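Heads up: the protein sequence lines correspond to chains A and B, in order. Residue numbers for the first sequence follow the numbering used here, beginning at 1 and rising by one. Residue numbers for the second sequence follow the numbering used here, beginning at 1 and rising by one.
There may be inaccurate statements among the hints.
As the list claims (entries may be wrong) - Calculated pairs, SDA-like style, for lysine to any residue (alpha carbon to alpha carbon, straight line, at most 25 Å):
| no. | chain 1 | residue 1 | chain 2 | residue 2 |
| --- | --- | --- | --- | --- |
| 1 | A | 85 | A | 95 |
| 2 | B | 66 | A | 180 |
| 3 | B | 36 | B | 47 |
| 4 | A | 85 | A | 74 |
| 5 | B | 66 | A | 225 |
| 6 | A | 291 | A | 26 |
| 7 | B | 36 | A | 239 |
| 8 | B | 36 | A | 291 |
| 9 | B | 36 | A | 116 |
| 10 | B | 66 | A | 228 |
| 11 | B | 36 | A | 72 |
| 12 | B | 66 | A | 184 |
| 13 | A | 85 | A | 98 |
| 14 | B | 36 | A | 14 |
| 15 | B | 36 | A | 188 |
| 16 | B | 66 | A | 291 |
| 17 | B | 66 | A | 192 |
| 18 | B | 66 | A | 98 |
| 19 | B | 66 | A | 147 |
| 20 | A | 85 | A | 13 |
| 21 | B | 66 | A | 96 |
| 22 | A | 85 | A | 241 |
| 23 | B | 66 | A | 119 |
| 24 | A | 291 | A | 280 |
| 25 | A | 291 | A | 40 |
| 26 | B | 36 | A | 26 |
| 27 | B | 36 | A | 85 |
| 28 | B | 36 | A | 221 |
| 29 | A | 85 | A | 96 |
| 30 | B | 66 | A | 221 |
Bear in mind the hints are in silico, worked out from the structure with no lab data behind them. Please read these numbers as outputs of a predicted model, since none were measured by experiment.
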Amino acid sequence: MDTAAANRSDCPEVRVPVPLFFTIGVVSLAENLLVVVAVIRNRNLHSPMYCFICSLAAFNTIASLTKTWENLMIVFANIGLLEKKGPSETNVDDVLDSLLCMSFVGSIVSFLAIAADRYISIFHALRYHNIMTMRRTRAVLGVIWTLCGVSAVLMVRFFDSNFIMICFVVFFVVSLAIICFLYVYMFMLARIHARKIAALPASNGGRRRRRRWGSGMRGALTLTILFGAFVVCWAPFFLHLIIIMLCPTNPYCECYRSLFQLHVVLLMSHAFIDPAIYAFRSVELRHTFRKMLLCSDWKRCS
Amino acid sequence: MSDFHNRSQSSARRSDYVWQYEYYDEEEPVSFEGLKAHRYSIVIGFWVGLAVFVIFMFFVLTLLTKTGAPHQENQDSGEKRHRPGSCLVDIGSPQDENDKAFSRPLLTGPRSYFHFYINEEDQGHGKRTGNPDGARAQQGTRGTGSSGTDEMEDDVEEEAGGNQPLEGLLEESKTDGECAFFSHFNIPNFVNLEHSSTFGEEDLLYEPSVVAERRRHSRDAHCDGH
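Construct the entire structure; sequences and hints are all you get.
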């Protein structure tokens with residue numbers, strides 16, 4: 001009892017208010033659902049890039065839905081409506097955990113797929129249409145979803161084995177490295193070409209020089225936001241996993257673990273800002289949203 | 001009462017966790033005695049490291065924009081006459097001029113890489129300088145890449161005033177051949193010929209795709225052997 005009190009007083013678990021969880025969950029659910037519906041409805045968006053963005057949004061939708069449902073269950077359990085250790089509750093809890101794992105792995109793999117698709121569209125632009133056909137895209141998406149489902153079930157089934165967690169962490173780090181490399185390489189090529197273009201004299205040379213400075217910063221800022229958001233939102237959770245495995249009884253690690261709910265909020269907020277980074281950058285998609293949301297006469301608009 | 005509170009708190013904590021593990025247990029107390037550093041030192045160290053990493057990455061990217069590229073020294077003085085400028089202004093120019101432009105080979109001999117940055121405005125002024133095919137290809141590939149890489153090409157759009165930065169890909173496409181080039185000219189990501197869509201400031205993204213579609217139809221006839 002004393003040590004429990006000491007635990008609570010020295011590094012108390014930081015609790016995130018449930019309304020915040022719900023707000024983030026519901027808003028990100030609405031956003032990502034909107035993206036999924038928009039991509040499905042608009043025929044112009046049936047292309048590989050938008051398919052991957054749609055898949056990312058679908059995974060985020062599942063994650064938000066699952067997390068919100070889990071929060072609901074926790075709230076009910078705290079009130080007393082649900083029994084914490086009941087068989088049906090633990091089953092539902094297992095299902096929710098599998099879905100969460102699946103959406104986490106799926107999000108990361110979708111990021112990889114989007115980065116690879118952009119890489120191909122830049123470096124093999126003229127053969128892009130042959131490399132990334134819709135059939136291949138569908139096959140890739142099928143493989144992604146199957147793999148994520150299987151790995152999620154395996155992860156939850158064997159969660160107590162360290163090996164699974166090590167695999168998960170290694171997978172995250174490798175994906176991070178690949179995504180970083182792809183984007184930085186694309187950025188470098190874009191900058192080199194931009195520099196070549198800008199090096200050609202123009203009548204508005206002075207204006208060009210000023211714009212080059214500003215646009216270089218913008219490109220770097222965009223890429224930093226893209227990658228930075230990914231790292232900032234995902235890394236704390238993965239460090240948590242690593243710490244669970246490495247130092248369960250260390251007091252420093254204990255204090256890090258006490259921030260678990262904050263890290264989960266970060267994960268959910270990544271599902272919340274993903275559409276802003278990936279989907280809403282596209283004019284066509286924004287167009288579709290406007291049509292869907294503001295159009296009162298469906299026949300005329302769609 | 002406190003016992004119940006402890007139990008409910010710990011089980012509430014347990015159900016919060018995605019993975020349940022036996023470490024987080026009151027039976028295994030974590031001793032906070034004799035801590036040398038601040039107890040949140042891992043947290044602080046982690047976040048400081050993360051911030052440093054992100055800022056470092058930002059500065060590296062900004063530096064990449066400033067360091068000179070090795071290809072810059074290859075420019076001829078001849079290309080200085082060319083103004084890449086507003087290629088897209090003349091997208092609507094008559095088909096026959098551009099058809100003639102397309103009949104030129106894409107890459108011939110030791111032509112400088114920069115011959116591709118030809119704009120149609122020069123054509124309009126009667127100067128046929130260099131290879132407009134490249135310009136067309138650039139627009140096509142730009143349309144290709146832009147939808148997928150909007151955020152990275154935004155800045156370059158401003159600079160080029162419409163010419164996209166993907167012309168370097170034409171070097172890689174040397175082996176593709178002319179007809180392969182023309183028939184793979186489709187914009188893979190979106191071909192938006194919907195006239196009902198209103199364009200925002202990313203008009204530049206759409207113009208090339210529209211042009212590319214028109215060109216593709218004319219090119220299909222030209223390269224039916226592919």
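Notebook entry, point to check: Given the proposed pairing of residue 66(B) with residue 96(A), does the C-alpha separation stay at or below 25 Å?
Noted result: Given that 25 Å is the threshold and the Cα spacing comes to 49 Å, the pair is violated.
Note to self: Holds or violated: residue 291(A) and residue 280(A), Cα atoms, limit 25 Å.
What the structure shows: 14 Å, holds
Check: Given the hinted pair residue 36(B) and residue 72(A), is their alpha-carbon gap at most 25 Å?
Finding: 40 Å, violated
Check: Given the hint that residue 66(B) pairs with residue 119(A), does the C-alpha gap stay at or below 25 Å?
Finding: 23 Å, holds
Checklist line | Pair hint residue 85(A) and residue 241(A), alpha-carbon separation not exceeding 25 Å | finding: 24 Å, holds
Margin query: Checking one constraint from the list: CA of residue 66(B) to CA of residue 192(A), max 25 Å. Satisfied?
Written below: 10 Å, holds
Notebook entry, point to check: Within a Cα-Cα threshold of 25 Å, do residue 85(A) and residue 96(A) meet the stated pairing?
Noted result: Satisfied, since the Cα-Cα distance of roughly 15 Å is no more than 25 Å.
Margin query: Does residue 13(A) sit within 25 Å of residue 85(A), going by the straight-line distance between their CA atoms?
Written below: Answer holds: residue 85(A) to residue 13(A) is near 22 Å, not above 25 Å.
Item checked: Restraint check for residue 66(B) with residue 225(A), where alpha carbons must lie at most 25 Å apart -> Since the Cα atoms of residue 66(B) and residue 225(A) sit roughly 20 Å apart, the hinted pair holds (cutoff 25 Å).
Next item on the list: Decide if the proposed pair is consistent with the structure: residue 66(B) and residue 147(A), CA atoms, cutoff 25 Å inclusive.
Entry: 42 Å, violated
Checklist line | 25 Å Cα cutoff - pair residue 36(B), residue 116(A) | finding: Given that 25 Å is the threshold and the Cα spacing comes to 46 Å, the pair is violated.
Check: Regarding the pair residue 66(B) and residue 221(A), is the alpha-carbon distance no greater than 25 Å?
Finding: With a Cα-Cα distance of about 14 Å, the restraint between residue 66(B) and residue 221(A) holds, given a limit of 25 Å.
Comparing the model with each earlier hint shows violations of hints 8, 9, 11, 15, 16, 18, 19, 21, 26, 27 and 28; every other hint is respected.
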